[in-house]
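Chains A and B are the protein sequences, given in the same order.
All the letters of the first sequence, read from the start, carry residue numbers 1 to 112 under my numbering.
All the letters of the second sequence, read from the start, carry residue numbers 1 to 109 under my numbering.
Mixed in with the good hints there might be a few duds.
Straight-line C-alpha distance at most 25 Å; calculated PhoX-like pairs for lysine-lysine [what the hints assert, rightly or not]:
{"hint": "1", "chain 1": "A", "residue 1": "K56", "chain 2": "A", "residue 2": "K67"}
{"hint": "2", "chain 1": "A", "residue 1": "K70", "chain 2": "A", "residue 2": "K2"}
{"hint": "3", "chain 1": "B", "residue 1": "K57", "chain 2": "A", "residue 2": "K2"}
{"hint": "4", "chain 1": "A", "residue 1": "K67", "chain 2": "A", "residue 2": "K2"}
{"hint": "5", "chain 1": "B", "residue 1": "K13", "chain 2": "A", "residue 2": "K2"}
{"hint": "6", "chain 1": "A", "residue 1": "K70", "chain 2": "A", "residue 2": "K56"}
Treat the hints as calculated values from the structure; they're not laboratory data.
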Amino acid sequence: QKEVEQDPGPLSVPEGAIVSLNCTYSNSAFQYFMWYRQYSRKGPELLMYTYSSGNKEDGRFTAQVDKSSKYISLFIRDSQPSDSATYLCAMSRTYNTDKLIFGTGTRLQVFP
Amino acid sequence: KAGVTQTPRYLIKTRGQQVTLSCSPISGHRSVSWYQQTPGQGLQFLFEYFSETQRNKGNFPGRFSGRQFSNSRSEMNVSTLELGDSALYLCASSGETQYFGPGTRLLVL
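Chain A extracted, bound-state conformation (with noise of 0.2 Å):
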């Protein structure tokens, strides 16, 4: 079983809708949740970036963290077709000096 697991879509959704995309995890020891945008042929692109449980807001896009479930998700709001692109969940342990772990990454088609 991996440590980070992720539904590898793809997802294909209207403009203008709400997407939600989804991370579950094993390892009890991750403090430090991260999503990450990845264009076709390009580097990932951090987005958001939390720590512990909660939620963190940053404009169209919500991070939640919910440790006692081991569960993260980003929310999208009002999708547009340039979201279009594969979102990557990782986590870690510590701040900074750990490796992280990666989702295999979830597919997302915002078709107008």
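Dock chain B against chain A, hints included.
Only chain B this time, still in chain A's reference frame:
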């Protein structure tokens, strides 16, 4: 501030050859991590360097090695290339968290 740069962007090699990839981190960042990304396995951690010392290592064979220079630039080397080494190799520079470069796409024929 300039981002993470990686060279070359694309590379084609044949089995048995060796390859060296280069990464320049964000100015002021002292930690550089390397990851391999393939469609089947996703992103997998190779190793991390901090102040010229390897601080963490993933589960890759000894054919994969790296180093870091005093200016924080890092190189990774893969010797005796195999077909399965074809992948996108990503370098990440650590500040508050990890910021990735565009990657080097390696094709082994």
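Right, here's what the structure says about each hint:
1. A:K56 with A:K67: With Cα atoms ~14 Å apart, A:K56 and A:K67 stay inside 25 Å; holds.
2. A:K70 with A:K2: holds, 13 Å
3. B:K57 with A:K2: holds, 18 Å
4. A:K67 with A:K2: OK: A:K67 and A:K2 at ~17 Å, within 25 Å.
5. B:K13 with A:K2: Not satisfied, since the Cα-Cα distance of roughly 31 Å exceeds 25 Å.
6. A:K70 with A:K56: holds, 17 Å
Hint 5 from the list above is the single one not met by this structure.
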